[in-house]
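Start from the sequences, fold in the hints, and give me the full structure.
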Amino acid sequence: MSKGIHYNEALSTYQPLRERPPGEENLPPEKLLRDFHPDFYANSVTTLKVGPNKGDKCHRQLAKLLQADARIDEADLAAAPVRETDVLVIGSGGAGCAAALVAAKAGARVMLATKLRLGDSNTVMAEGGIQASIERDDTPQAHLDDTLRAGHYHSDRKLVKRMVMDGPDVVRWLIQQGMQFDLDKFGDILLRRAGGTSANRVAYYRDYTGLEMMRVLRESVSNSNVEVLDYSPAVELLSDDIGHCAGAVIFSLKNCSYTLIKAKAVIMATGGIGRVHINQFPTSNHFGATGDGLVLAYRLGAKLRDVDSFQYHPSGLAYPQHLAGTLITEGVRSAGAYLLNGRGERFVDELKSRDHVSSAILRECTEGRGVRVNDDTVGVWLDTPGLELRNPGILNARFPKLVQLGRRCNTDLSASPLLIYPTLHYQNGGVVIDENACSSVPGLYCVGEVSGGIHGKNRIMGNALLEIISFGRRAGAHAAENSHRRGPKKISLEHISNLRRELTLANMPMALKGPMLFPECAKFEIDTDYDGLRKN
Amino acid sequence: MSNKTEKQVNVTIDGKAITAPADLSTIQALWYAGYPRVKGVGCLEGVCGSCRIMVRRAGTAEVTMELGCQTLIEEGMEVNFLVFPTPTHHTYDLSEINNSWEVQAHFSRIFPEADHCRHCSGCTTSCPKGISVEQGVELACKGRFREAGELFIECVMCNFCMTACPEFIAPNHVGIFARRVTAYFHTRPSNLINRLEKLRRGELQIME
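Those protein sequences? They're chains C and B, same order as listed.
Count the first sequence with my numbering and you get residues 1 to 536, in order.
Count the second sequence with my numbering and you get residues 1 to 208, in order.
FYI, nobody ran anything at the bench for these hints, they're computed from the structure.
Warning: the hint list may mix true and false statements.
[Stated by the list, open to error] Some chain C residues near chain B, calculated using beta-carbon distances under 10 Å: (1) 32; (2) 132; (3) 138; (4) 139; (5) 223; (6) 227; (7) 526.
Idealized CB from N, CA, C, for every residue including glycine.
Written out as structure tokens, the structure reads:
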């Protein structure tokens, strides 16, 4: 990318100003997306050749993972111990913890297996807040309408309806777990506006909403009857003789051994896929976001949807390079920060939906109005000095995490702007679920980012934190209630044989093994500590 | 790539001599040098508390406790990763505290060691987030939970303070307890309560 205004030149001509005229939108929104949004990049989408979505469109990089060979087969498990539980939760972000807590409270025996440490997740990194229609003039109906519109009417309306009606009670439940929210002087919950919405509906705690939520839920889980298996990624699901989900195979990174966990219900809460770097974008995601749950569920026969649609958050840090992709909350734009191109001009309504704003940033960069550091790094300004001029003190009071980030970039945010570029943020689609988070495979629930249908083709700020708790609780309650009805089952890996047969018939390469578990950069596959996970 | 023009520095990480560009974090430097690193890596943004490292910088005897993803490598730096934090032995359930008058009594029962603080400041010194941990414990012992909790806003539960405490106080869990009881007993937003009541009465429906 050789076009753009050089960083030093752009920075030297930058002036902190209180007001700037709004940008002019000269393209119809649909055309802006088609021309610049990464979902529409040529050759990025392919057709799935095997599995329940055979014939459907899917992003090329995800398709490779979904159609990869399994890591294990029956022989690997010969001596593995077998344990039993009612409900097995896989993943310990907000969705997994909420599901585990509710299932345990309902009397079920619950195990929670997590790839790394309890609470290691994208939840802990969430900044903006959680949507719930609380304000007087707001309604669940408006929340539903905003969600459907922002998702370009690709959402499953039934799911969205459940989620928005759950909103206020989700906030109460979180307070009852001990989570704090930013309050006004009367103790009312403060709400801010998400891009592309019609009301102030996002409750938050500074720009640490996810951290506050996660440390409370982590503490709650640690103090419950839930048995936590940490450093224990799931490498395969187990099926019974009629193809229902019957548990999972987990691998302990602590003692390098497999355990088979027989469960009456499995709740998959493994999160998203950012660390696969879809379309080579930097990512705001956690180290463990490698799409494992999608791969495992798909292999067992769960239907997916919208797996060609991803969210690129407009404000990922672009420079310095070692911090590229780090998220800057939408809350900053919600509070009134402008986006400026290399000429110091606004070019988009900063509070449009995320796909729109990201596309506009990519347009500025492609058409030579971006700020260029070198061949790899280009972006636009996030005008924090202008925000501070209009609202003295707001950065320190509302955005402590951002101020810390500024310090690490050696940037005084009240004097200089930050260079930003869209960062891969969220998987819009996922496993098809119903109102109780049941997938199309009996016994398998999917909650949070791994599930699909709620956000359509684009998610609004705050709906992810709401979704994980809303559907996490639903899945936990339903799994606990129904686990009593299921008898003991025979467990097998029959579905892997089916997968291999299908892959062979479709002439697919079998070299790649999945799930991925860790990003390439961590070199997990050559780590001699984990010999047990490689085939002989 | 701008990395090629960057200054290279020599560091020792987990006993491995590594040469890497100066703008890398300790985790990135390990990966850059081709060493696997899976355990003790998390959000890479300094909020999950997984990547706990002990650091000694060139020319000093002092060992500091930091987060691996937030610490850039420097010439002559020695780094060791800590893994698998031990869970605390304290357990409690907020619902067993009947009302807010009893919080302090329950606190003394749940965290009996908190009163034994020797004021060694080990917890405060070891905190990678610069929290006044010891002061937080002291405030909690006096029943000033809201104030104590405010000190722990930036706490990422890395457990360094727990490791440092000779009295097994688990100061970070004291901090989170202080924050949780504040929300549990005192967050009563009228706008939320009003909305819940309207929903209960069925006044807010979604059109089919």
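Verification of the hints:
| no. | hint | in the structure |
| --- | --- | --- |
| 1 | 32 | violated, 30 Å |
| 2 | 132 | holds, 8 Å |
| 3 | 138 | holds, 9 Å |
| 4 | 139 | holds, 6 Å |
| 5 | 223 | holds, 5 Å |
| 6 | 227 | violated, 12 Å |
| 7 | 526 | holds, 6 Å |
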